[in-house]
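Asks: From first to last, the protein sequence lines stand for chains A and B. Reminder that position 34 of the first sequence reads as 35 in this note's numbering, one-by-one numbering, no gaps. Reminder that position 3 of the second sequence reads as 7 in this note's numbering, one-by-one numbering, no gaps.
It is possible that part of the hints are untrue.
No farther apart than 30 angstroms at their CA atoms in a straight line, the calculated lysine-lysine pairs in the DSS-like style are these [claimed, not checked]:
id, chain 1, residue 1, chain 2, residue 2
1, A, K123, B, K23
2, A, K55, B, K23
3, A, K26, A, K55
Think of the hints as simulated: they come from the structure by calculation, not from any bench.
Each chain is listed here by its residues.
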Amino acid sequence: MQIYELGYLILPSVAEDALPGVTEKMKDAISKAGGSIVDSEAPFEQALAYNMSKTIGASRYVVSDAYIGWIKFDSEPAKVESLKDELRKMNELLRYLLVKAPKETSFTFAKARAALEEKEEKELPPTPAEEVMIK
Amino acid sequence: MISLSKNDYIDYKDVETLKKFLTPHARIQSSQRSGVPSKSQRQLALAIKRARYMGLLPYVSR
Chain A
2 MQIYELGYLI LPSVAEDALP GVTEKMKDAI SKAGGSIVDS EAPFEQALAY NMSKTIGASR
62 YVVSDAYIGW IKFDSEPAKV ESLKDELRKM NELLRYLLVK APKETSFTFA KARAALEEKE
122 EKELPPTPAE EVMIK
Chain B
5 MISLSKNDYI DYKDVETLKK FLTPHARIQS SQRSGVPSKS QRQLALAIKR ARYMGLLPYV
65 SR
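Chain B on its own, in the form it takes in the complex (with noise of 0.2 angstroms):
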């Protein structure tokens, strides 16, 4: 399980630790799978949503 402290954070051009956090789908891991805090599961969510948008991560992936 891949570790992140809460007080970390999370950027959202940081693509390769983003990427740990996707399914193969490229869907974002539901918290009970990664296992990271509640706070930065939030955080993580919106970075994710960002790096999306500037084209950095796909929506989907097959």
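Here chain A stands alone, though its shape is the one from the complex (with noise of 0.2 angstroms):
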């Protein structure tokens, strides 16, 4: 068995409660094929770094920001390649990532956004409120 961990991007166009049918779903393609879910994140909307294209039928559609998210699972290596096509049929899904990864999730996105504030909060001076109150 190996750790894969699969990275999505999901369309900016799908709603915000329709996203845990869309998680759902891919959760479901990934027990059938043989996986057992270990982690996972949910999506959230976040703007991209550069704009991203997605063909559906005949129509191009062009996005500047997407949901993103990941499940962490174990599988059979032989198994992925069938998961891959499941993924692929999914037209909510702007692009996904397949990777093998460690079993200790040591990266969150919550994670790093609560360092990032801290961090944030740390380097403004305490406003003048801040500073009555304390005294």
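Two chains, two frames, some hints: make the complex.
Replies: Okay, here's the thing in structure tokens:
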């Protein structure tokens, strides 16, 4: 068995409340391919570093932001190819990235955001109101 | 200089760390400049390329 991580981008045209359905669809595809889910992070909207396009049928969509999330799972290396085929058929997905990953989750977007906010807070000098409160 | 341990897993999603190893033009810094171990440099380059594909980092920047 090998631990894999599936990073994905969902089109921004998908409604916010339809996102759990899309992730559920991906998780179903994983379990259908013989994988068991280890860890995951719910998708959230993020600006992309550059514009991407997705062609569905005859129409081409150019997007500058997308929902990003990831799922970590345990699977047989031989069965992963069939999962890729399933994912390619999903029209809601802008892109996906399937890579080998370590078992322990050392990074999550939520943790990174918290660390970044903390750093910004430290750098900013305390506002006058806060100083009064300290005294 | 930014230090990176040989045993650390370099995650492609960790944009804040990866950004430190890019030049102002968003190119990958050479190992001479970054000063990280060769093994880490290879993992770093792979992580940056993955982050680019996922739209977390730009391919080019002026």
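Asks: Compare the distance between the alpha carbons of A:K26 and A:K55 with 30 angstroms, and conclude whether the hinted pair is satisfied.
Replies: holds (19 angstroms)
Asks: Would the pair A:K123 and B:K23 pass a check requiring their Cα atoms to be no farther apart than 30 angstroms?
Replies: holds (21 angstroms)
Asks: Does B:K23 sit within 30 angstroms of A:K55, going by the straight-line distance between their CA atoms?
Replies: Cα-Cα ~27 angstroms, so holds.
In terms of the numbered hints stated before, the structure departs from none.
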